[in-house]
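Novice: Chains A and B are the protein sequences, given in the same order. Number 218 in this note's numbering belongs to position 218 of the first sequence; there are no gaps in the numbering. Number 372 in this note's numbering belongs to position 372 of the second sequence; there are no gaps in the numbering.
If you are wondering where the hints come from, they were derived from the structure by calculation, not from laboratory data. Quick caveat, the model's predicted, so the values are computed rather than measured. The C-beta atom is built at its ideal place from N, Cα and C for all residues, glycine as well. Careful: at least some of the hints might be erroneous.
[Claimed, not checked] Have a look at the derived ranges for each label pair, beta carbon to beta carbon:
| id | chain 1 | residue 1 | chain 2 | residue 2 | range |
| --- | --- | --- | --- | --- | --- |
| 1 | A | V147 | B | A281 | 26 to 36 Å |
| 2 | B | K356 | A | I181 | 52 to 62 Å |
| 3 | A | V147 | B | Y392 | 46 to 56 Å |
| 4 | B | R403 | A | P54 | 48 to 58 Å |
| 5 | B | Y411 | A | Y207 | 40 to 50 Å |
| 6 | B | Q83 | A | V147 | 46 to 56 Å |
| 7 | B | P207 | A | N192 | 55 to 65 Å |
| 8 | B | E282 | A | K142 | 54 to 64 Å |
| 9 | B | A281 | A | P233 | 32 to 42 Å |
[To be verified] The calculated lysine-lysine pairs, modelled on DSSO-like cross-linking and capped at a C-alpha distance of 30 Å, are:
| id | chain 1 | residue 1 | chain 2 | residue 2 |
| --- | --- | --- | --- | --- |
| 10 | A | K116 | B | K458 |
| 11 | B | K458 | A | K132 |
| 12 | A | K111 | B | K458 |
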Amino acid sequence: MSKGLIVTDLRVSVEGKEILKGVSLVVEPGKVHAIMGPNGSGKSTLAHVISGRPGYTVTGGSVMFDGVDVLELEPEDRAALGIFLAFQYPVEIPGVTNTTFLKTALNAQRKARGEKELDPMGFLKVLREKAKALHLPDDMLKRPLNVGFSGGEKKRNEMLQMAVLTPKLAILDETDSGLDIDALRIVAEGVNAQRSPERSFLVITHYQRLLDYIVPDVVHVLAYGRIAETGGPDLARQLEKTGYADYTGSAA
Amino acid sequence: MTSTTETVDTVHDLTGTYKYGFVTDIEMDVLPVGLSEETVRFISARKKEPDWLLDWRLKALALWKNMEEPTWGKVSYPAIDYQGLSYYAAPKSKTDGPKSLDEVDPDLLDAYEKLGIPLKEQEILAGVVAVDAVFDSVSVATTYKAKLEEKGVIFCSFSEAVQRVPELIKTYLGSVVPQGDNYFACLNSAVFSDGSFVYVPKGVRCPMELSTYFRINAQNTGQFERTLIIVEEGGYVSYLEGCTAPQRDENQLHAAVVELIALGDAEIKYSTVQNWYPGDAEGKGGIYNFVTKRGVCRGKRSKISWTQVETGSAVTWKYPSCILQGDDSVGEFYSVAITNNAQQADTGTKMIHIGKNTRSTIVSKGIAAGRSDNTYRGLVRVLPGAEGARNYSQCDSLLIGDRCGAHTVPYIESRMPIATIEHEATTARISDDQLFLCRQRGLKPEEAVALIVNGFCKEVLQNLPMEFAVEAQKLVGISLEGSVG
Ligand SMILES: Nc1ncnc2c1ncn2[C@@H]1O[C@H](COP(=O)(O)OP(=O)(O)OP(=O)(O)O)[C@@H](O)[C@H]1O
Ligand SMILES: [Mg+2]
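All chains, full assembly: derive it from the sequences and hints.
Specialist: Here you go:
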């Protein structure tokens, strides 16, 4: 049984329009893969399909994670399996505090995995520590999820959720967008602190800068619904100069 | 707290859709169907009531015969055959009623256990909650009386109060909700079977939350509870009412009346969690819940606060209200009303400002799912002389799916141009993005809905006493099961 994420010839349509046209990629445990690519090329679509967002039609191919066919699973079961998505646009849930949300989520995942619920005091302690590491003030833990959070705060809060839920595969969809320089470093440090031989990352970004902090093992270019090129960290630096002009919709 | 948590868990494990659906097999003493003077005389005699009370009932019956069932609510249900109902059912008492829990019919205790309200457990919670458990129409077990009576607080069944403190009953019965007030209250006045009575003397803070669990059990028996709470100057009481009903196919009528009287500087906090059988997914069965609840802030600086969580019943028609008579008195209404499947709720409040500088707050959260209809109907009336009156109303609706309806009908009648009345209303929907976020983090769809709805209702739920709040939060989830996915 192969560990890690294996996407094979994945084809996905939205409302009859084909967005992913045969995407293949393998992220081994412990590796960090970056995905770059023009707007509208299908990066978020890929992230959503891996995590199970409704509304997409998979017309071909497969997504396996740790030997499990995840396309057969409900989103919550994928989460329990260890798949985490940091949203490009985090949504608000009025009246539900950050703390309640995270505690409910973590306990739901633990229950699904047959683990014991956490004791509330122990949970709070862990939560505070992790919030501190991300420079999130305590009062943000008591505020309703994302309500009135600034753009940067929302992104850092996604990283807090990741730190608390300790997933096996973390997909970061433009977590760096909207972050100031200091916040970018804090977020990158948070990710680096979580890097481990068991944990994989799929980092979607438009900017080389993030990859200076989170040095990826592999960089992919997703253009027009296909992986147009795969390389090392150098590829990102090269793209910074050339842009995506070389990749056209007609690429085979 | 532990007991209420267990309550919900136990209940959760028990049955299919409706978690409280079972019928207890207890010997019943049931009056044949039909409503006439004889019925009223039978009930009154059964309870060994004084003549004045029988006359009071008969007067109500006479009034009722000339009244029409109201049709203004946004609810519809098949015509009720009032002659097809039985108006009295009581568990058969072997002697004169049990002196302790040990003497209570084991089947009855078992029924409570299934509901998750084990009296034994309540006993362990000593000093936290006193339960005057009402099974069908007659009180069968009352606990903690001694402790209350030390303070001079009377907490007993209505029938007992009629025997013990007839003068208080005579003075206050019908003083807030007169016999002819409305069709259902009038019917109740004629045939009420039992209910609860609370009296808090001057300057006494009731040392514990008072709690009554109502339960409907007998088939075809309309439920006509009557509750009267009187708090003298400077007194305080917090009263909790919760109820569940066993599953059955026939619709059951419930028409309760609750009267609250707060004298100067007195405060009454009345909390309800209503979870009667809502009917099946098609709307078959379920309780018709036509309730009249009203409190009067009779003295200066008195306060009445209603908090309700309405999740059950097929049809709910209920407007807990405050008459703010004393200067500087305060009325509050915090409500969560949840309708799912084919449920219909038309609920809200009336705040009548009479005294100077009277203030009222209304916070209503309506949640509609399935094909249900959820209406907030509220009246704020400011009478001449109510200088400095203020009202703040906030009515929020949350829709789940696109086949349900939420309606807000605020009536404002101000005879005082200088009164301050603010009304805010919002309508929102649970978005697919919110649902997906929750599921991505590991929650099942129904857990996601429960979490989101609890967030939406938070302002109201946090007004409930702690032990109730925990139960109510879980109920919110249970009552919305099947609304998504
Ligand atoms: N629900 C939808 N309905 C219609 N089109 C959609 C839908 N979701 C995605 N698309 C289309 O699919 C394409 C890929 O969108 P996606 O969000 O995956 O791009 P992206 O690579 O993440 O872009 P960006 O860099 O701007 O975030 C776009 O053309 C988008 O308009
Ligand atoms: Mg995107």
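Novice: All the hints need checking, so say for each whether the structure fits it.
Specialist: Quick rundown of the hints versus the structure:
1. Taking 26 to 36 Å as the suggested C-beta distance range, the pair V147 of chain A and A281 of chain B conforms, at roughly 34 Å.
2. The given range of 52 to 62 Å is respected by K356 of chain B and I181 of chain A, whose C-beta atoms sit roughly 60 Å from each other.
3. Distance hint check: the CB atoms of V147 of chain A and Y392 of chain B are about 21 Å apart, inconsistent with the given range 46 to 56 Å.
4. A C-beta distance of roughly 19 Å is found between R403 of chain B and P54 of chain A, which places it outside the suggested range of 48 to 58 Å.
5. Under the hint 40 to 50 Å, the C-beta atoms of Y411 of chain B and Y207 of chain A, about 57 Å apart, miss the expected range.
6. Against the hinted window of 46 to 56 Å, the Cβ-Cβ separation of Q83 of chain B and V147 of chain A comes to about 55 Å, which satisfies the hint.
7. Checked against the hint of 55 to 65 Å, the C-beta distance between P207 of chain B and N192 of chain A comes to roughly 57 Å, which is consistent with it.
8. In this structure the supplied range 54 to 64 Å is violated for E282 of chain B paired with K142 of chain A, their Cβ-Cβ distance being about 43 Å.
9. The beta-carbon spacing between A281 of chain B and P233 of chain A, approximately 57 Å, falls outside the hinted interval of 32 to 42 Å.
10. For the hint linking K116 of chain A to K458 of chain B, the alpha-carbon distance of about 27 Å falls within 30 Å, and the restraint holds.
11. Our distance criterion of 30 Å between C-alpha atoms is met by K458 of chain B and K132 of chain A, whose separation comes to about 27 Å.
12. Note on K111 of chain A and K458 of chain B: the hinted pairing holds, with a Cα-Cα distance of about 25 Å set against a maximum of 30 Å.
Of the hints listed earlier, those the structure fails to meet are numbers 3, 4, 5, 8, 9, in rising order.
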